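Engineer: Protein chains in written order, with this note's numbering: chain B, 1 to 159; chain H, 160 to 263.
Honestly, the hints are just simulated from the structure, not real lab data.
Where hints are given, some of them may not hold.
25 Å max Cα-Cα, derived PhoX-like pairs, lysine-lysine [what the hints assert, rightly or not]:
1) LYS96/B x LYS255/H
2) LYS142/B x LYS246/H
3) LYS103/B x LYS255/H
4) LYS142/B x LYS10/B
5) LYS246/H x LYS103/B
6) LYS246/H x LYS138/B
7) LYS209/H x LYS255/H
8) LYS226/H x LYS246/H
9) LYS245/H x LYS140/B
10) LYS246/H x LYS140/B
11) LYS16/B x LYS186/H
Nothing here was measured: the structure is a model prediction, and the numbers come from that model.
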Amino acid sequence: MNNIYDNEMKIEFLSKSNNEAFARIAVAAFIAQLDPTLEEIADIKTAVSEAVTNSIIHGYEERIGIIKLICKIRNKEVFIEISDSGKGIENIEMAKQPLFTTKANLERSGMGFTIMESFMDDVEVESVLGLGTKVTMKRKIKSNSQNEEFAIATIRREE
Amino acid sequence: MNSFYKKEDKQLIFRLDEEIDECEVQKIRRRLDNEIERYMPKEVIFDFSKVSFMDSAGIGLIIGRYKLANMLGGKVQVTNMQEPVKKIFDMSGISKIIEEVQYE
Ligand SMILES: Nc1ncnc2c1ncn2[C@@H]1O[C@H](COP(=O)(O)OP(=O)(O)O)[C@@H](O)[C@H]1O
Ligand SMILES: [Mg+2]
Chain B
1 MNNIYDNEMK
11 IEFLSKSNNE
21 AFARIAVAAF
31 IAQLDPTLEE
41 IADIKTAVSE
51 AVTNSIIHGY
61 EERIGIIKLI
71 CKIRNKEVFI
81 EISDSGKGIE
91 NIEMAKQPLF
101 TTKANLERSG
111 MGFTIMESFM
121 DDVEVESVLG
131 LGTKVTMKRK
141 IKSNSQNEEF
151 AIATIRREE
Chain H
160 MNSFYKKEDK
170 QLIFRLDEEI
180 DECEVQKIRR
190 RLDNEIERYM
200 PKEVIFDFSK
210 VSFMDSAGIG
220 LIIGRYKLAN
230 MLGGKVQVTN
240 MQEPVKKIFD
250 MSGISKIIEE
260 VQYE
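Same shape as in the complex, but just chain B (with noise of 0.2 Å):
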């Protein structure tokens, strides 16, 4: 099989809430490989949940339906796909708006798409009407420590 990417998984899983957990814990779990910090682990999983919750309250709405994520990894980045064949976007440009969003009424803050993007390195939205929306995101994991002294003392040794 020839693939760019050093690792993949893909995840099937229905629109219910406790769900969102699910999702975020299946990619920190799968990231780990990378080391990353405590931190880029939190931001990861902060962003896939906001994904995640869009797809369920904005995409399905009351209905229930199939969310698709898909983890990539390659070299330190990792690629991020979430993915539903809910109701779509109207204006993209507007839904990513701090603050703009279309359920008010249940007391959402507008801020997910915000806060994706402050998370991730790139995060591109694309949505059709009627058929749904695919969200990609990618994140680069800084080598940690652990990772740096590995690669001093085999710069070291080679001296």
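Keeping the supplied structure of chain B fixed, place chain H with the ligands upon it in accordance with the hints.
Structural biologist: Same frame as chain B, but now just chain H with the ligands:
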């Protein structure tokens, strides 16, 4: 989640559970409102000492209780926020309207 009311200080304290997301918020919202309406506290204090995860659903939860408490003549405060929670709190801008206090 547990809560207690300190009558002498008119303080209602909510000690939130580990993870605050939409799922959790839907479970506890009504109970919070019932207690706020019952005690009409001067101060509603959210104690985050146990909370290790919070996303934007937590922001909505706090703003909603802020509005209710305000309407009943009280205010909302937060305490014992750990790093990841603090980050969301500061980013959302609600730190401008909701005071962080020392507690216990
Ligand atoms: N998966 C989705 N399907 C349909 N609409 C969405 C989806 N994700 C986001 N939206 C729209 O974008 C708006 C902004 O999303 P967000 O920033 O997460 O704020 P909030 O979830 O608090 O409303 C939502 O109110 C909704 O109208
Ligand atoms: Mg959202």
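Engineer: Against each hint, give a clear statement of whether it holds in the structure.
Structural biologist: Cross-check of the supplied hints:
A distance of roughly 22 Å separates the Cα atoms of LYS96/B and LYS255/H; the hinted pair therefore holds under the 25 Å criterion. For the hint linking LYS142/B to LYS246/H, the alpha-carbon distance of about 19 Å falls within 25 Å, and the restraint holds. Of the supplied pair hints, the one linking LYS103/B and LYS255/H holds, its CA atoms being roughly 23 Å apart against a limit of 25 Å. For the hint pairing LYS142/B with LYS10/B, the CA-to-CA distance comes to about 24 Å; that is within 25 Å, so the pair holds.
Using a Cα cut-off of 25 Å, the hinted pair LYS246/H and LYS103/B holds, with the two alpha carbons roughly 24 Å apart. In summary, the hint linking LYS246/H to LYS138/B is supported, as the alpha carbons are separated by about 20 Å, within the 25 Å threshold. Of the supplied pair hints, the one linking LYS209/H and LYS255/H holds, its CA atoms being roughly 23 Å apart against a limit of 25 Å. Pair hint LYS226/H plus LYS246/H holds up; C-alpha atoms about 22 Å apart against a cutoff of 25 Å.
The suggested pairing of LYS245/H with LYS140/B holds, with an alpha-carbon distance near 22 Å, which does not exceed 25 Å. Pair hint LYS246/H plus LYS140/B holds up; C-alpha atoms about 19 Å apart against a cutoff of 25 Å. Between LYS16/B and LYS186/H, the direct Cα distance comes to roughly 14 Å. Compliance with the 25 Å bound is thereby established for this hinted pair.
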